[in-house]
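Here the protein sequences come in this chain order: A and B.
Quick note on numbering: the UniProt record's numbering labels position 199 of the first sequence as 199, and the sequence is numbered without any gaps.
Quick note on numbering: the UniProt record's numbering labels position 46 of the second sequence as 46, and the sequence is numbered without any gaps.
The reader is advised that the hints may include incorrect statements.
[Said to hold, decoys possible] Straight-line Cα separation of at most 20 Å, EDC-like style, residue types lysine to aspartate or glutamate; simulated pairs:
1) B/Lys146 x B/Asp190
2) B/Lys74 x A/Asp37
3) B/Lys162 x A/Glu39
4) A/Lys401 x A/Glu151
5) A/Lys333 x A/Glu262
6) B/Lys254 x B/Asp239
7) A/Lys60 x A/Glu306
8) B/Lys74 x A/Glu306
9) B/Lys81 x A/Asp299
10) B/Lys74 x A/Glu305
11) A/Lys46 x A/Asp14
12) A/Lys40 x B/Asp161
13) A/Lys333 x A/Glu370
14) A/Lys60 x A/Asp214
15) B/Lys146 x B/Glu136
16) A/Lys225 x A/Glu262
17) A/Lys40 x B/Asp160
18) B/Lys32 x B/Asp93
19) B/Lys91 x B/Asp118
20) A/Lys115 x A/Glu151
21) B/Lys120 x B/Asp161
22) B/Lys43 x B/Asp261
23) A/Lys40 x B/Glu135
24) B/Lys242 x B/Asp261
25) A/Lys40 x B/Glu136
26) B/Lys162 x A/Glu305
Please keep in mind that the hints were generated in silico from the structure rather than gathered at the bench.
Remember, predicted model here, so these are calculated numbers, not experimental data.
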Amino acid sequence: MNQNLPNSFRSGPDERGHFGIFGGRFVAETLMPLILDLEKAYADAKADPAFQAEMNVYLKDYVGRPSPLYFAERLTEHLGGAKIYLKREELNHTGSHKVNNVLGQIMVARRMGKKRIIAETGAGQHGVATATLCARFGLECVVYMGAVDVERQQPNVIRMEMLGAKVVPVQSGARTLKDAMNDALRDWVTNVHNTFYCIGTVAGPHPYPMMVRDFQSIIGHETRKQMQEAEGRLPDSLIACIGGGSNAMGLFHPFLDDPSVEIFGVEAAGHGLTQLHAASLAGGRPGVLHGNRTYLLMDADGQIEEAHSISAGLDYPGIGPEHAWLHEIGRVKYLSATDEEALAAFQLLSRLEGIIPALESAHAIAKLSELAPQRPRDHLMVVNLSGRGDKDVPQVGDILKARQK
Amino acid sequence: MSTRIDARFAELKQQGRSAFVTFVMAGDPDPKTSLDILKALPKAGADVIEIGMPFTDPMADGPSIQAAGLRALKGGMTLRKTLAMVRDFRKEDNATPIVLMGYYNPIYIYGVDSFLADAKTAGVDGLIIVDLPPEEDTELCIPAIKAGLNFIRLATPTTDDKRLPAVLANTSGFVYYVAVTGITGSAAADSKVVGAAVARIKRHTALPVCVGFGIRTPEAARAIAENADGSVVGTALVDVLKGSLDVDGRATPKTVSAVADLVSALAQGVRGAKQAAE
Ligand SMILES: Cc1ncc(COP(=O)(O)O)c(C=O)c1O
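Isolated chain A, as found in the complex (with noise of 0.2 Å):
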């Protein structure tokens, strides 16, 4: 690890937003004031306890938590080390991590008074949850999603259309992710007198990352009570996928400060480091986009590149300011999986477990079949298996269905 390592690692950020160099609030001046009154809106229904007391009604019984920390007997056994547990994620309604937050921007959303509320969406899994919380709240709710998306997540498309939302299919750049929250942004900007913008992942301009990671922190916080009621201890290891980051920097938060866990991320590498991937710390540097400085896929102009991933949800050229800044101390390794190996993990977890996980979670498992051999067996590792496969069952069957050929 670096010098000048902070007394805490759950500190961050400082008032301007900032972990070490990243994060930060660049955004269009129209946006400013909206920003500053949402970062106000956020601490002070951070400092109501009746905010929290309503998040936990709903916590329970809408979402249907705590989700389950389940030890995956057979995997473990195949793998032949380390004792692995699935922080299962997938089991809330909607069926991913996604929802944890998008429950809390709605619940601020309302103190607000904003009665539109728009998203960007990879997977779909975020466009689904959001769709979800606006149709139980009676809100106005614009899916952004890439065209190229639109295509390949389906089933998720149909659910938003289900539950009321309009889905606009973003036609510019390379139609994914990125190009969902260039035109996310660019409705906010004109929209911005009635409309709540609530970004699926921890990035964005702060308080987007601090406020999706506190919204997210309770998977880590259930995992340590439930990994002490189930081993008495605390575990060894933590690892989860990382699209923007919000599931991984979910787990982690609360275990940062304990030095005896290692924490691995990882980041999706499409056709291999050196191809089309979407692995912006290991590919990567720092630069401004989307309201923050962070790790960025870019040519040597500062012109963005395209992200490839197999996985909707992880095909983004950007991470959270603070998974970069973590990887600058040296706090968690960020690792990275192939197309390939996600696929494979993707029917390995289904063969074994009878879990189908989704293609995003799917890049941890993958590097969890790397690491759990090289472990002792009292080892505890816990994967976070972010969201189910279900929107994934289409391209996956296909992609499969064509190599039988």
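Given the coordinates of chain A, work out where chain B with the ligand should sit on it, guided by the hints.
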């Protein structure tokens, strides 16, 4: 610090007229045509020139300017070439102010200090960086002022009286009032509403206030010119440029004149304004 921008606005004030500010994208549709357009702008009546620095992800721009940036990038434009273009322009014109407009990442990657030094040497007068609000002034605004460049800030309908002083604090050259909450290429704002907004800003600053976003026609430019120190036209110029390209998006013999003709017509509109007001 006095720049070409200050000199130009002082001159126009003496003449009793409002400035006409044109926006074109550097390198659109190719570096050579783009330089020819740039050179034609002052003769056609542009008082101040904004040059867009192409960026892949322009979050405050509508489809026209997005496409212009992508055309330029496809034609091989880079920030370094944009500065070279300004240098070439300055060989013939040492009076017309040049303001670079765009997003922070290409500058950050170029390196703030070397960018500012190279921009100053090339003959750039000011910068408008859409994604650098006052909250991020230490990034580029303060270093730019130290390097002798104007940092021109956008004020918007959401910038209320409480926030205006912060927005104006490190602004110099002029204030760019964005007439609508929205992206470039949006519908025009009502000139009366804009007039009131400009008057509000002028209560907080002695700087000239120029208005942009949504101005497309000589009539609209005239109406704005009656209420502001300058009007900015961008999307309409980019659209007429695009309309002059061949099916493969390449420049044609009409491209430079198409842009210059529209600039002349718009400049007539602006010049008609003060007479109407006087
Ligand atoms: C199931 C699942 N996991 C992970 C992600 C990646 O997002 P993040 O890194 O913010 O958790 C997504 C995004 O769509 C997802 O749907």
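How the hints compare with the structure:
1. Distance hint between B/Lys146 and B/Asp190 is unfulfilled; the C-alpha atoms sit about 38 Å from each other, more than 20 Å.
2. Taken as a hint, the B/Lys74 and A/Asp37 pair is broken in the structure, with Cα atoms around 39 Å apart against an allowance of 20 Å.
3. About 17 Å separates the Cα atoms of B/Lys162 and A/Glu39, which keeps this hinted pair within 20 Å; it holds.
4. Note on A/Lys401 and A/Glu151: the hinted pairing holds, with a Cα-Cα distance of about 18 Å set against a maximum of 20 Å.
5. With a C-alpha separation of about 8 Å, the suggested pairing of A/Lys333 with A/Glu262 holds against the 20 Å cut-off.
6. Taking the CA atoms of B/Lys254 and B/Asp239, the gap is about 14 Å. The hint holds against a cut of 20 Å.
7. For the hint pairing A/Lys60 with A/Glu306, the CA-to-CA distance comes to about 39 Å; that exceeds 20 Å, so the pair is violated.
8. For the proposed pair B/Lys74 and A/Glu306, the alpha carbon gap of about 14 Å is at most 20 Å, so the pair holds.
9. Between the alpha carbons of B/Lys81 and A/Asp299 the distance comes to roughly 15 Å, so the proposed pair stays at or under 20 Å and holds.
10. Of the supplied pair hints, the one linking B/Lys74 and A/Glu305 holds, its CA atoms being roughly 13 Å apart against a limit of 20 Å.
11. Note on A/Lys46 and A/Asp14: the hinted pairing holds, with a Cα-Cα distance of about 17 Å set against a maximum of 20 Å.
12. Of the pairs offered as hints, the one joining A/Lys40 and B/Asp161 holds, with about 19 Å between alpha carbons and a cut-off of 20 Å not exceeded.
13. Between A/Lys333 and A/Glu370 the alpha-carbon distance is near 14 Å, which keeps this suggested pair within the 20 Å criterion.
14. The straight-line distance between the Cα atoms of A/Lys60 and A/Asp214 is roughly 17 Å, inside the 20 Å bound, and the hint therefore holds.
15. Under the criterion of a C-alpha separation no larger than 20 Å, the hint pairing B/Lys146 with B/Glu136 is consistent with the structure, at around 16 Å.
16. The hinted pair formed by A/Lys225 and A/Glu262 meets the criterion: a straight-line CA distance of about 18 Å does not exceed 20 Å.
17. Proximity of A/Lys40 to B/Asp160 is assessed by CA-CA distance (about 17 Å); at most 20 Å being required, the pair is judged to hold.
18. Under the criterion of a C-alpha separation no larger than 20 Å, the hint pairing B/Lys32 with B/Asp93 is consistent with the structure, at around 17 Å.
19. A hinted pair counts as satisfied when its Cα atoms are at most 20 Å apart, and B/Lys91 with B/Asp118 qualifies at roughly 16 Å.
20. Taking the CA atoms of A/Lys115 and A/Glu151, the gap is near 29 Å; set against the 20 Å cutoff, the hint is violated.
21. About 33 Å separates the Cα atoms of B/Lys120 and B/Asp161, which puts this hinted pair outside 20 Å; it is violated.
22. Annotation: proposed proximity of B/Lys43 to B/Asp261 holds, straight-line Cα distance about 11 Å (limit 20 Å).
23. Between A/Lys40 and B/Glu135, the direct Cα distance comes to roughly 16 Å. Compliance with the 20 Å bound is thereby established for this hinted pair.
24. At most 20 Å may separate the alpha-carbon atoms for a hinted pair to count; B/Lys242 and B/Asp261 meet this at roughly 14 Å.
25. The suggested pairing of A/Lys40 with B/Glu136 holds, with an alpha-carbon distance near 19 Å, which does not exceed 20 Å.
26. Annotation: proposed proximity of B/Lys162 to A/Glu305 is violated, straight-line Cα distance about 39 Å (limit 20 Å).
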